[in-house]
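Trainee: Between the sequences and the hints, there should be enough to build the whole structure, so can you do that?
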Amino acid sequence: MERLNMLRVNLTEGTVKQEPLNEEWVKQYIGGRGYGTKLLYEELEPGTDPLSEGNKLIFANGPLTGSNVPTGGRYMVVTKSPLTGFIASSNSGGYWGAELARAGYMVLVFEGKAKKPVYLWIKDDKAELRDASSLWGKDTHLTTDALLEEVGDPKARVACIGPAGEKLSKIASIINDKHRAAGRSGVGAVMGSKNLKAIVVRGSGTFKAANPEGLKETLRGAMQKIKENGVTGEGLPTYGTAVLVNILNQLGSYPFKNFQEAQNEGAENHSGEKLAETYLTGRTNCFACPIGCGRETALDDKKGEGPEYETLWALGSNCGVNDLEPIIRANYLCNELGLDTISAGGTISAAMELYEKGYIKEEELGVGPELRFGSGDALVYWTEKMGKLEGLGEKLAEGSYRLSESYGHPEFSITVKKQELPAYDPRGIQGIGLTYAVSNRGACHVRGYLISPEVLGIPEKLDPWETEGKAQWGKTFHDLTAAIDSSGVCLFTSFALGADDYADMIRNGAGIDLNAESLLEAGDRIWTLERLFNLREGLDAARDDTLPVRLLKEPIPKGPAEGKLSRIDKMIPEYYKLRGWDEKGVPTPAKLAELGIK
Amino acid sequence: MPRVSFFGIVREIVGEKETLISGGDTVGSLLEAISAKYGMRFNEKVMETPERKLDLILLLNGRHIEHIGGLSAPVKEEDHLAVFPLVGGG
Chain A
37 MERLNMLRVN LTEGTVKQEP LNEEWVKQYI GGRGYGTKLL YEELEPGTDP LSEGNKLIFA
97 NGPLTGSNVP TGGRYMVVTK SPLTGFIASS NSGGYWGAEL ARAGYMVLVF EGKAKKPVYL
157 WIKDDKAELR DASSLWGKDT HLTTDALLEE VGDPKARVAC IGPAGEKLSK IASIINDKHR
217 AAGRSGVGAV MGSKNLKAIV VRGSGTFKAA NPEGLKETLR GAMQKIKENG VTGEGLPTYG
277 TAVLVNILNQ LGSYPFKNFQ EAQNEGAENH SGEKLAETYL TGRTNCFACP IGCGRETALD
337 DKKGEGPEYE TLWALGSNCG VNDLEPIIRA NYLCNELGLD TISAGGTISA AMELYEKGYI
397 KEEELGVGPE LRFGSGDALV YWTEKMGKLE GLGEKLAEGS YRLSESYGHP EFSITVKKQE
457 LPAYDPRGIQ GIGLTYAVSN RGACHVRGYL ISPEVLGIPE KLDPWETEGK AQWGKTFHDL
517 TAAIDSSGVC LFTSFALGAD DYADMIRNGA GIDLNAESLL EAGDRIWTLE RLFNLREGLD
577 AARDDTLPVR LLKEPIPKGP AEGKLSRIDK MIPEYYKLRG WDEKGVPTPA KLAELGIK
Chain B
37 MPRVSFFGIV REIVGEKETL ISGGDTVGSL LEAISAKYGM RFNEKVMETP ERKLDLILLL
97 NGRHIEHIGG LSAPVKEEDH LAVFPLVGGG
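Chains as they are written, first to last, in the working numbering: chain A, 37 to 634; chain B, 37 to 126.
There's no promise every hint is true.
Listed below are several chain A residues computed to face chain B (Cβ distance under 7 Å; list not exhaustive) [to be verified]:
#  : residue
1  : Lys-252
2  : Leu-255
3  : Met-259
4  : Gly-271
5  : Thr-277
6  : Val-279
7  : Leu-280
8  : Gln-286
9  : Leu-287
10 : Tyr-345
11 : Phe-409
12 : Leu-428
13 : Asp-499
14 : Phe-531
15 : Pro-596
Below, computed lysine-lysine pairings styled on BS3-like, alpha-carbon distance capped at 25 Å [claimed, not checked]:
#  : chain 1 : residue 1 : chain 2 : residue 2
16 : A       : Lys-244   : A       : Lys-63
17 : A       : Lys-594   : B       : Lys-53
18 : A       : Lys-214   : A       : Lys-339
19 : A       : Lys-162   : A       : Lys-244
20 : A       : Lys-293   : A       : Lys-397
21 : A       : Lys-293   : A       : Lys-310
22 : A       : Lys-594   : B       : Lys-112
23 : A       : Lys-151   : A       : Lys-310
24 : B       : Lys-53    : A       : Lys-310
FYI, nobody ran anything at the bench for these hints, they're computed from the structure. Glycine included, each C-beta is placed from N, C-alpha and C at the ideal position.
Mentor: Here it is, written out as structure tokens:
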């Protein structure tokens with residue numbers, strides 16, 4: 037795998053072609069999220085229906101995916117989102133991306149639509165489309181097992197969709213290695229719309245660094261920092277992400293019952309500490325990961341991974357459910373049926389509010405349990421119906437915005453650009469609200485994780501209630517994250533590493549000439565190109581770069597952050613200015629020239 | 037008497053979820069009172085030592101102490117201190 041390539045798969049014609057990567061794009065956009073965005077921007081016809089044959093589905097590794105750089109196993113799925121109508125780029129770990137790199141590829145692009153269900157089987161330089169009719173309708177676990185048997189290689193890796201993606205749920209995910217998800221923005225539905233059930237890959241190559249001695253030296257320092265850092269060396273390995281439940285709840289910024297409140301008296305019952313005492317059976321690592329934040333759990337005869345912090349909150353607190361058992365069951369269902377856990381929880385919580393306020397009628401539930409906050413039975417039952425698009429589940433599978441709008445009350449959908457919010461209340465943590473509002477892929481916590489300075493104090497402690505200075509923090513985090521997401525490395529390393537470390541790793545590992553400054557500039561370029569994509573697809577800053585009205589008008593009713601509202605209006609104008617965008621959020625010609633975007 | 041809650045690895049070290057502790061009218065003196073109650077195991081593993089420092093996140097009534105005066109922040113009888121190890125996630 038000295039030289040990585042791209043595979044272009046035309047599903048309409050049934051052809052698979054190998055193409056070289058565009059070297060100039062690699063220099064400008066690195067790989068992963070950046071390269072995928074550039075490819076989509078150049079090739080997608082503006083205004084394309086995301087679930088039509090015209091959309092393109094791109095899987096893009098970073099140049100460090102499959103390397104010995106710590107956590108170098110990430111890939112990104114880039115496409116036009118059926119949930120938001122804007123750019124989708126969903127990141128996943130596990131082992132699939134690294135295997136794709138071992139087979140010699142950095143990018144896969146799928147075009148058109150297969151006449152019947154197919155899967156792509158890649159074994160080094162051989163790639164072919166195969167019939168997947170017998171797998172259609174099967175969940176992600178059964179699909180993975182069946183495919184590994186069919187290709188006759190238990191060491192192959194599978195990324196696939198479940199019934200939710202097949203039936204075009206706008207919150208469907210792509211699942212690889214059974215438990216890892218490219219979760220957000222409905223990328224699984226795009227795969228389903230193309231009749232593409234899975235991609236199975238096996239490679240035999242090994243990573244070759246551009247500068248082996250330089251990389252060795254860089255990695256020595258990086259490993260030391262990861263090991264010595266309190267979060268990556270101790271916090272995440274010991275408790276995973278779930279330990280955040282109690283912190284956010286104590287801060288009074290842990291949304292409860294569809295963001296009607298921000299503190300949940302029962303949160304301890306589904307906390308990381310409680311999980312460790314009860315259902316936790318072990319920890320798991322993704323490819324080349326020295327951190328190991330993954331949690332292995334068991335319930336009855338099932339074993340699975342998670343729930344992670346976001347899932348504990350989305351399926352738990354946000355639905356008013358505090359018992360771990362139904363949360364774990366619903367989490368397993370999401371992974372098996374191929375649903376994004378954040379959007380699934382955000383949609384069920386909206387449905388619960390719609391039901392309790394009398395908009396969803398009892399007769400619509402069929403034999404299902406009442407959609408009441410706190411009902412674990414309702415959580416599990418409706419997650420399954422949503423993932424299978426059965427009964428009212430078909431409406432739920434559209435996501436909370438379309439669900440709430442269909443009842444005439446879109447205000448119960450807690451979304452940005454129609455994508456459900458993650459687990460931090462922007463009323464009590466101002467900076468994260470800014471990053472949600474302006475996020476190119478809709479509400480997202482991992483585009484600019486300002487929770488790090490605002491809550492955890494890394495790299496320094498910022499007051500979560502203040503707005504001053506947050507625009508600059510938001511921009512810097514957005515740019516750095518875009519570059520990390522393009523490299524193939526996990527964002528969690530950024531608790532310990534800085535821009536100079538990533539630049540050194542990419543330069544020595546992949547031979548792309550970057551320093552800390554040009555790395556951040558590449559991130560700026562990627563972020564700006566995503567913005568241009570969205571503008572071309574009709575983004576209106578006043579309508580789309582905002583938060584749900586509840587967070588702007590309904591103060592937190594009680595707890596430490598009582599009375600707080602989000603004040604994104606104080607931060608967004610400054611953010612646009614720092615980006616070199618005009619007051620309508622459009623990049624200026626001067627900024628585009630500076631970034632070399634034509 | 038101020039209420040103190042422990043989380044994550046700190047909970048395992050002190051062996052309980054919550055306690056009432058008197059003797060501190062600032063966060064700093066309350067931490068000293070906690071050290072006195074839990075002795076060496078708390079001091080060695082939680083407080084700063086030459087070999088190792090376990091960073092803490094300290095919330096007084098839901099506010100990070102950094103924004104209310106740090107270790108000098110005043111503590112009243114009905115106050116609640118939450119003691120977390122440095123953790124992270126997404």
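Trainee: Each hint: holds or not?
Mentor: Verification of the supplied hints:
1. Lys-252: Cβ of Lys-252/A sits 27 Å from chain B, so the hint is violated.
2. Leu-255: At 22 Å from the nearest chain B Cβ, Leu-255/A fails the 7 Å test, so the hint is violated.
3. Met-259: violated, 18 Å
4. Gly-271: holds, 4 Å
5. Thr-277: Cβ of Thr-277/A sits 3 Å from chain B, so the hint holds.
6. Val-279: holds, 5 Å
7. Leu-280: Result: holds, 5 Å to nearest chain B Cβ.
8. Gln-286: holds, 5 Å
9. Leu-287: With a minimum Cβ separation of about 5 Å from chain B (threshold 7 Å), the hint on Leu-287/A holds.
10. Tyr-345: This hint holds: Tyr-345/A lies near chain B, its Cβ roughly 5 Å from the closest one there, short of 7 Å.
11. Phe-409: With Cβ-Cβ at 23 Å, over 7 Å, it is violated.
12. Leu-428: Violated: closest Cβ of chain B sits about 31 Å from Leu-428/A, beyond 7 Å.
13. Asp-499: For Asp-499/A, the interface hint holds, since the closest Cβ of chain B sits about 5 Å away, which is under 7 Å.
14. Phe-531: holds, 5 Å
15. Pro-596: holds, 3 Å
16. Lys-244/A with Lys-63/A: holds, 18 Å
17. Lys-594/A with Lys-53/B: OK: Lys-594/A and Lys-53/B at ~23 Å, within 25 Å.
18. Lys-214/A with Lys-339/A: Satisfied, since the Cα-Cα distance of roughly 11 Å is no more than 25 Å.
19. Lys-162/A with Lys-244/A: At roughly 21 Å apart (the allowed maximum being 25 Å), Lys-244/A and Lys-162/A satisfy the hint.
20. Lys-293/A with Lys-397/A: holds, 19 Å
21. Lys-293/A with Lys-310/A: holds, 21 Å
22. Lys-594/A with Lys-112/B: Satisfied, since the Cα-Cα distance of roughly 20 Å is no more than 25 Å.
23. Lys-151/A with Lys-310/A: Violated, because 48 Å separates the two Cα atoms, which is more than 25 Å.
24. Lys-53/B with Lys-310/A: holds, 11 Å
Of the numbered hints stated above, those contradicted by the structure are hints 1, 2, 3, 11, 12, 23, listed in ascending order.
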